[in-house]
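J.: As a plain string of letters, each chain reads:
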Amino acid sequence: MKKKIRITLNGNVVSPEVPAHRLLLDLLRDEIGLTGTKEGCGTGDCGACTVLLDGKPVNSCLVLSGELDGADIVTIEGLQIGRELHPIQQAFIQDGGAQCGYCTPGMLMMSKALLDENPNPTEEEIRFALAGNLCRCTGYAKIVKAVQDAAMELRTRHTARQ
Amino acid sequence: MRRPEALEIFQPASVKEACQIIRKNGPGGHFLAGGTDLVIAIKEKGLAPRYVVDLKRIPSLSGIGENPDGSLTIGALTTLREVEISPLIRKKYPFLAQSAAEVGSIQIRNRATIGGNMANATPSADVAPSLLVLDTKAKISCDGEERVVTLEDFFVGPGKTVMKQDEILTELIIPPTPAGLRGEYMKFSPREMMDLAYVGVAVALALETKTKKCQHVRIALGAVSPTPMRARKAEAILLNQVLAEEIAERAGEEASSECKPISDVRSSAEYRREMVRVNTKRALLNAGLGSEPISWLERRDKRY
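Heads up: the protein sequence lines correspond to chains A and B, in order. Throughout the first sequence, residue numbering follows our numbering, covering 37 to 198 in sequence. Throughout the second sequence, residue numbering follows our numbering, covering 60 to 363 in sequence.
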């Protein structure tokens, strides 16, 4: 059953006609061609498919396209600021917060959601927020460090603007 | 991973309209709340709905409110994350907010709804024991008609509730509670996060000001019977008694003998019973201390 939906995707309004049963994850990857969002477990346990839906992090593998009319969606492709990488992306590169890279888009989106809500999280708060994002390479220490460094950078920029 | 098959999706604007869609279209339809159980059932358990009725566009179903008599109303479509961070719930019933925070990840809790979680009727649902110790009632609606049942009676068996096919859980109502009520929810699972409860224990106590005797006692257990359950015999042991280690121990033993656990992939029935005994005692003693809401690291330390 096809359904016409109107969504804001990474800041642009688009009106695709989608099968109602198509998962948001598949809509992004297979129909729109944004393959940055990854499928890990497919059951909401690993967080690799995390995107922001109306500003909130969700597992895109558990959302049906037919639910989305009016939604505002931000994927990893929308994280970059202009031509520059987002400070969270830069921090992950600088600190070695990625190894194989498969969990990284989800980690970055979840970290963005955390820092939007809490610009100065403790290590405990970072670990709590990232509990639903599994990484089998890094052991998490460098990811936590990257989020802390990104938070500091974002706070510095925020202060500089004031 | 299996993909959902073609289906039609309806997005009604009212409860009445939602019921009518189910009545008109007949079998093969499912109500859709957050989808964190339904979509997984489609992917993993072979569920193949012909159509789904998305309840998220019904404005009256969301939100948390306090009524003049002190009761709380939680709309069924309120997400578990909203319950977790609600200032009102954190202030009045911090253990309820904490039990919501025990479910899955933030990503899951941003979608999963408290009503969907109850309607799914999983025996291990973390929020259920906390709601049971608050004497929560469930409001069920269909086509303009409403009925209210206790949450205890709402659950019938694993995945089964008293609701008929065309009925919708619209609201959870927490009646006014005694002044000074203190509670605790203890989830027992080997992983700190992203795991189901092997055993869940919630308690709520109100103490008499002068004598410190328990005037009001509620104990509820998750994951140890076909439905989340009250442990009434254990409650009776504490009623009108002063809470102390020895009597908390006895209440734990009673709860352990009145629960009806099964052995499964997570744990044996014997182990669950033992963990009910230990965690009921700990939950009672922690609640007796009347501690303020604490971080998850401290909670973890209190578990063991």
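Keep in mind that the hints were calculated from the coordinates and are not lab data. Mixed in with the good hints, there may be bad ones.
Straight-line C-alpha distance at most 30 Å; calculated DSS-like pairs for lysine-lysine [to be verified]: (1) A:K39 x B:K75; (2) B:K102 x A:K92; (3) B:K269 x A:K39; (4) A:K39 x B:K83; (5) A:K38 x B:K104; (6) A:K38 x B:K198; (7) A:K40 x B:K115; (8) B:K219 x B:K75; (9) B:K115 x A:K92; (10) A:K92 x B:K83; (11) B:K271 x A:K38.
Partner residues aside, some chain B positions facing chain A, computed with beta carbon under 8 Å [as the list claims (entries may be wrong)]: (12) E64; (13) T95; (14) V208; (15) T209; (16) L344.
Small disclaimer: the values here were computed from a predicted structure and weren't measured. From the three backbone atoms N, C-alpha and C, an ideal C-beta is built for every residue, glycine too.
J.: Hints broken by the structure, by number, lowest first?
T.: As far as the earlier hints go, 3, 6, 10, 11, 14, 15 and 16 are violated by this structure, in ascending order.
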